[in-house]
Amino acid sequence: MSRELKCHKGIGGLVEGEALVADDNFSARYDLDRIEGVFSRKAHKLYGQSYKDKILVLNTAKGGVASAWMLHEMKSRDVCPKAILFNTANTILAQGAALADLPMCDRFEDGDVTTLIKTGDHLIVEPQAGVVTIK
Amino acid sequence: MLAGEQGEARRWATDHQIKVGEMFDAVDLVPVSQAHMMIDPESVGDPGVSFLENLADNGAQVSIPMITDPRGVDLNYYQPLGQTEEMADIDRRTIAACTRMGILMTNTCVNYQTVMPPILGDHVAYGDTGVVIYSNSACGARSNFEGGPSALAAGLTGRTPRYGLHLDENRQATRRFRVTEQPRELTDWGVLGAVSGTKAGSYWEVPVIEGLQVVPTSDEMKHLGAAMASYGSTPLFHLAGITPEAQSLADVGGHDLPVEEITAADLDAFRSSFGGKGDKVDVVVFAAPQLSIVEMQAVAGMCDGNIFATAVIVCTSPQVYADAMRMGFVETIEGAGAKVLEGTCFYNQYAREIGEANGWTRLLSNSAKIVNILGGYGYEPALASMEECVAAAISGEIQ
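These protein sequences, in sequence, are chains P and D.
Take 1 as the starting number for the first sequence in the numbering used here and just add one per residue.
Take 1001 as the starting number for the second sequence in the numbering used here and just add one per residue.
Warning: the hint list may mix true and false statements.
Unchecked claim - Taking lysine-lysine pairs in the DSS-like style, the calculated list, with each CA pair at most 25 Å apart, reads:
1. K45(P) x K1199(D)
2. K118(P) x K42(P)
3. K6(P) x K1277(D)
4. K42(P) x K1280(D)
5. K75(P) x K1199(D)
6. K118(P) x K9(P)
7. K6(P) x K135(P)
8. K42(P) x K1339(D)
Derived from the structure by calculation, the hints contain no laboratory data.
All chains should be built: construct the whole structure from the sequences, respecting the hints.
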């Protein structure tokens, strides 16, 4: 049984992968060890977990502007999430996704995306259509 | 521009702005008077520099005044910090590429104090959350958080997508905080910013704060805003009766919102989450935001005649540095054993690597912003006032 979730039009192209979900927020600078590809901030709910090639599902973006460059830098080293889904993105993460060509969506019609999707779910993300499918 | 008849750089910039604008339902682009780009080498990396060099090779030229945020390397002092030649090279290449594009290398996050403050209603494209929140809130200018790529796109086209804080409706208050304890010094303002930012918790929330009986100085406003943006990703706040768009609560719709008190207990709970008396200190940092000439004078006054037991790093802008040199503050501060860095800010200068190279774990600062950021960089950060920080630097532990 697959389920289709509608969201606002996002950035980037179609991507498929495994979800890594937390009811927590996101900053590439504050939360990540970008060399190892893991969450390195102890207070983060995904502390110690690898985000490489995962579809991150988080509440919102926080912190500074650095993430706008960092997503591009992470993507070019191929130690990067496949996509990021938020309840609400902020401008920086959207700008970073545009530069990095990293798929990103937010504003889901059915409510809190961090409860709609579970870690390990297999997802198809279609930002241009504003659709995420849980397979 | 999108068809590329004005060159590859403007084609990229326009394409980038359309992608971002569509995500935020912008209907058009708004002309901006200035752009300010965050472009530290740690964030940009080799791929980012190559991207900039490619734009410059294609003849990119900014079309409006464009300035830069702090660098990641003080090219006059990086080896002693444990920064590598590779890090310095990324910085050198960045400076060269930006200079070719006509960007002014101001290297500052306090441009609203030192370069050219925006004015009420001025649409700008600023990077650095501290710069944006100060400019929106204290000056009444209009900017979203523009990350490096978007600030650059705005510099190239002279416009930015009209969404978020460029629109009147998004500048109205959404949360109403009432303060019951008055901030007394810089760190108190930072703590108030951190607590209200944490409560607001989103880019799309606009706090209005009432109950303040003092008008903050520019430095106090700077710490309030930098902390609020850091903890909440919040780009705008109003202070009722103080900031230009909120001469009254009603001006920003605050009178209709439920009151949420920020109590002394809220502020104390925040403070107690960062270190305590007797904790050993490895490094004391004054930065985030860069120090004004007034803060430089204050630090120098506290350093005079003392000898520090710990490392002490002070970060200021190139504009303030020149004044502080001329006025003897740099000599006084460094005479106590500290180091004043020019045009950098501690957290964006490879903080993890310089911490490891110098054995710095326990870090003390008067900046609520920096203690937030550095928790993710392998530090155990603690927060104290400027005076307490200097006392700890002398004794080697928090007093």
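Hints and how they fare:
Between K45(P) and K1199(D) the alpha-carbon distance is near 19 Å, which keeps this suggested pair within the 25 Å criterion. At most 25 Å may separate the alpha-carbon atoms for a hinted pair to count; K118(P) and K42(P) meet this at roughly 22 Å. For the given pair, K6(P) sits about 52 Å from K1277(D) by alpha-carbon distance, which is inconsistent with the 25 Å threshold. Between K42(P) and K1280(D), the direct Cα distance comes to roughly 21 Å. Compliance with the 25 Å bound is thereby established for this hinted pair.
Distance hint between K75(P) and K1199(D) is unfulfilled; the C-alpha atoms sit about 32 Å from each other, more than 25 Å. A C-alpha spacing of about 22 Å is found between K118(P) and K9(P), which places the hinted pair at or below 25 Å, so the restraint holds. Restraint check: the Cα-Cα separation between K6(P) and K135(P) comes to about 14 Å, which is no more than 25 Å; the hinted pair holds. Taken as a hint, the K42(P) and K1339(D) pair is broken in the structure, with Cα atoms around 30 Å apart against an allowance of 25 Å.
In terms of the numbered hints stated before, the structure departs from hints 3, 5, 8, listed from lowest to highest.
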